Structures are given as structure tokens and as C-alpha cells.
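Input sequences plus hints: build the corresponding full structure.
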Amino acid sequence: MKTWPIAAATLGLCQAASAQDIILKPLVDLRVRSEHVDQDGLPQNADAVTARMRSGVQADAGPLQLLVEAEATLGIINRFNDGLNGRAGYPVVPDPSNVELNRAQLRFHSGKMAATAGRQLLELADQRFIGSQTWRQNQQTFDAVRVIWGDPKRVFTDLSYAWSNRTTNGIDGVGARQQAISGDNVFALAGVATPIGTVTGFAYMVDQDEAVVQGFRLSSQTYGVRLAGIYRLGNVGVAYIGSWARQSDWHRNPNDFEANYWLAEATVSKGLMSATLGHEVLGADDGRPLTSVQTPLGSVFRFQGWAGKFVTTPPNGVRDLYVSGALNWKVLGPFAGANLQAVWHRFRSDRLDQHYGTELDLLAGVKQGRTSLSARFARYRADKFATNTKKFWLEADWAI
1 MKTWPIAAAT LGLCQAASAQ DIILKPLVDL RVRSEHVDQD GLPQNADAVT
51 ARMRSGVQAD AGPLQLLVEA EATLGIINRF NDGLNGRAGY PVVPDPSNVE
101 LNRAQLRFHS GKMAATAGRQ LLELADQRFI GSQTWRQNQQ TFDAVRVIWG
151 DPKRVFTDLS YAWSNRTTNG IDGVGARQQA ISGDNVFALA GVATPIGTVT
201 GFAYMVDQDE AVVQGFRLSS QTYGVRLAGI YRLGNVGVAY IGSWARQSDW
251 HRNPNDFEAN YWLAEATVSK GLMSATLGHE VLGADDGRPL TSVQTPLGSV
301 FRFQGWAGKF VTTPPNGVRD LYVSGALNWK VLGPFAGANL QAVWHRFRSD
351 RLDQHYGTEL DLLAGVKQGR TSLSARFARY RADKFATNTK KFWLEADWAI
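The sequence shown: position 397 = 397 (the numbering used here), numbered continuously.
Source of the hints: derived by calculation from the structure; they are not laboratory data. All figures in this text were calculated on a predicted structure; none of them were measured in a lab. By construction, the Cβ of each residue, glycine as well, lies at the ideal position given by its N, Cα and C atoms. Any given hint might turn out to be false.
Using 20 angstroms as the maximum straight-line C-alpha spacing, the simulated SDA-like pairs for lysine to any residue come out as follows [claimed, not checked]:
1) Lys367 - Ala399
2) Lys390 - Gln44
3) Lys384 - Leu360
4) Lys153 - Ala114
5) Lys330 - Leu360
Quick list of the computed label-pair ranges, beta carbon to beta carbon [as the list claims (entries may be wrong)]:
6) Met273 - Asn45: 16 to 22 angstroms
7) Leu24 - Val147: 24 to 30 angstroms
8) Val268 - Glu395: 27 to 33 angstroms
9) Pro254 - Asn328: 45 to 51 angstroms
10) Arg252 - Arg381: 22 to 28 angstroms
Okay, here's the thing in C-alpha cells:
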């Protein structure tokens with residue numbers, strides 16, 4: 001990581017301290033998770049129990065903020081393939097043991113402008129293309145400079161340049177699963193609030209400039225537009241999202257391709273109940289590997305089912321028709337929050353009309369104070385793609 005942001009942060013905070021107090025805030029985020037995976041075609045089931053801690057400090061002095069955070073992941077039960085340990089007989093649970101610097105950033109804020117430099121989280125829009133992958137024990141961060149200007153409720157711009165993608169593979173990352181992937185990445189968004197919702201144009205130039213990472217074939221340029229809004233009728237809310245984008249090869253990617261991305265989603269909510277219907281398309285070009293829409297920097301667990309069958313988009317693309325229902329309580333018995341959710345997916349290819357399979361996802365969670373507990377289940381039933389898979393998670397989180 002380049003050292004100039006930290007040097008500048010130290011100097012800036014020392015100068016600011018001469019005029020006003022420095023306010024310190026501790027950062028602690030703990031998670032323990034058990035994950036069981038039963039995947040057809042592999043001789044062993046995976047059983048992973050991992051613990052993750054992030055700890056650090058945030059220091060504020062006037063318009064300046066310095067944040068430093070470490071991250072450590074420990075395997076308690078290690079009967080799984082973490083992607084690096086060579087245990088090919090087990091399903092993959094990509095949570096390798098790790099100790100590293102997660103964030104080290106300096107932020108300056110003045111009026112409508114905020115600038116952040118250093119190792120930081122980038123969570124853009126719905127994180128479909130650029131995100132933190134926070135579901136994984138090791139977070140994804142970026143060595144980057146980011147500048148935001150404007151008011152998100154009116155007009156705004158958001159521009160980032162990242163020279164290193166700090167992956168979820170951790171300090172032992174190697175080969176195609178690097179700890180960090182260098183490249184000249186540029187992410188730009190510009191949005192305006194309208195009577196029907198916020199319209200955002202975006203451009204993501206992803207430069208995965210490492211030959212060992214799919215031979216540069218994950219480098220792409222994506223340009224698109226997104227509309228997100230909500231309509232209220234009495235105590236009923238209808239939230240809607242529509243998005244379109246065009247992705248093509250970029251920089252040293254040897255593939256010559258173009259493919260479309262589409263999303264249409266509507267959520268109806270009333271009281272503690274909500275229901276969602278959506279259709280997402282990651283399009284394909286001509287069926288060659290890695291010529292369909294790819295999202296290597298996105299928070300992929302949020303999309304296309306929790307079983308994780310479509311982390312890499314198949315050559316023929318994927319169409320995901322999904323429906324979900326949820327119940328959310330602000331107070332339930334002794335708990336200060338509780339939720340239930342069920343999601344069903346039907347997956348088909350974008351070209352050749354292949355039926356990939358279906359998936360059912362279930363979630364139950366409760367919260368009390370700083371502690372959250374949850375249980376999840378995912379079942380993917382394969383037809384023309386991948387294999388039958390069942391996953392079950394138990395998780396406890398605590399944060400300040």
C-alpha cells in the first residue's frame with residue numbers, strides 16, 4: 001500500500017489538534033459462524049467454524065478523520081476447502097485464516113465535498129458491480145482515492161480511482177486467488193433526484209491486471225443507468241428499481257465481447273410484511289468463457305442465491321427470476337428486532353434457453369442490543385448447470 005495517505009493523515013491531525021480536540025471512537029466487530037455444505041459430486045461434506053474480529057480506531061479533528069482497522073480470521077473447525085489449502089475433496093467455503101490491515105484511510109469533509117484516500121471500503125449503489133463482500137469473513141477493500149460531491153437527495157457525483165483490489169483471500173492468497181490484484185480501476189457515478197426516483201448513471205472500468213487472474217479476462221468496462229424510487233399509498237409502500245448496463249472488454253482483456261445487464265425489481269411493503277418480485281439478467285455474447293457479464297468486484301452473496309452457484313457468470317449468461325417474502329419486527333418478545341425471510345429463484349441461461357436450476361433460501365434472525373443471531377439455509381436443485389447443493393449457517397455478531 002502507498003504510504004503517503006498515512007503520512008498526510010498524521011500531519012493533518014496534528015495540525016488540527018492544535019486548534020481543537022481529537023475525538024476518538026473505538027471500532028470492534030466480532031463474528032462467529034458455522035457453515036455446513038453438502039454438495040453432490042464431492043466425497044466429503046464441508047464443516048467450517050470460523051471466527052473473525054475487526055478492531056481499530058477512528059479519530060476526528062474538525063474536517064479531518066483518520067481510520068485504522070485490522071482484521072483477523074481464525075479457523076476453529078477446518079473440514080473445508082478455503083480455496084487455498086488444497087482440500088479438493090471438500091466444498092469451497094472461501095474464509096481462509098488471515099491477519100491483515102483492513103482499512104487505513106484519511107477523510108476530509110467540507111460542505112458538499114468529501115474526499116477519502118488510503119485503504120478503504122467501496123460500496124457503490126447496490127454493490128452489484130463494486131462492493132465490500134462483507135458476507136465473507138475477510139472483507140474486500142481497495143487502495144484508492146475517492147471524491148464525493150453534492151447532496152444524495154438532489155444532485156451528486158462520486159468518483160474513485162483504485163490501484164489495488166484487496167481481495168477476500170487474505171495474506172496467503174496466491175495464484176488465481178491473489179491477496180491483492182493491481183490495476184488502474186476507475187469507478188464513476190452521477191445522480192439526480194427526480195419526481196419518480198433517483199436516476200444514476202455509472203461507469204465502472206475494472207482492471208484486473210494480473211495474468212494469473214484468468215489471463216486478464218476479468219478486465220471490463222461497464223456503462224449503465226439505474227432508477228430507484230418509492231411510491232406510497234397510505235400505509236403501503238411500493239419500492240422499485242430498474243437498471244440497464246452494457247459491458248465489454250477493457251485494457252489487456254484478450255476477449256472481444258459485449259453483453260447487456262438488466263434488472264427490474266418491485267417490493268411492496270405494509271407494516272411488518274414485505275414481498276419482492278424481480279428479474280435480473282447477466283447477458284452473454286457468443287458463449288465463450290468469460291464473455292458474459294462478470295462482476296468480480298461485486299458483493300456477490302447478495303445476488304442470485306445464497307448457494308453461490310453463479311459467482312462466475314456461465315458462458316451463456318444467467319437470467320434470475322426471483323420472489324421473496326419477509327416479516328420484520330422492531331420488537332418481538334425479549335428481542336429488539338427479529339426477521340424472517342424466504343426467497344425462491346429460477347435460473348435460466350441468457351442464450352440457448354437452458355434451465356439451470358432452482359433455489360430456495362430461508363433466513364431467521366434476532367437482535368438484542370449489540371448482538372445479532374441468525375440461521376440461514378440454501379438449497380440449489382440443479383438441472384442443466386452445476387450440482388445439487390445444500391448449505392446451512394449459524395451466525396453470531398457483536399459490534400460497537
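Each hint, compared with the structure:
1. Lys367 - Ala399: Holds. Lysine 367 to alanine 399 sits at ~12 angstroms (cutoff 20 angstroms).
2. Lys390 - Gln44: With a Cα-Cα distance of about 13 angstroms, the restraint between lysine 390 and glutamine 44 holds, given a limit of 20 angstroms.
3. Lys384 - Leu360: Cα-Cα ~17 angstroms, so holds.
4. Lys153 - Ala114: Given that 20 angstroms is the threshold and the Cα spacing comes to 16 angstroms, the pair holds.
5. Lys330 - Leu360: Violated - the C-alpha atoms of leucine 360 and lysine 330 are around 26 angstroms apart, more than 20 angstroms.
6. Met273 - Asn45: 16 to 22 angstroms: violated, 36 angstroms
7. Leu24 - Val147: 24 to 30 angstroms: Given range 24 to 30 angstroms: holds, Cβ gap about 26 angstroms.
8. Val268 - Glu395: 27 to 33 angstroms: Because 28 angstroms falls inside the window, the suggested range holds.
9. Pro254 - Asn328: 45 to 51 angstroms: holds, 47 angstroms
10. Arg252 - Arg381: 22 to 28 angstroms: violated, 39 angstroms
Of the numbered hints given earlier, the model fails hints 5, 6, 10; all others are met.
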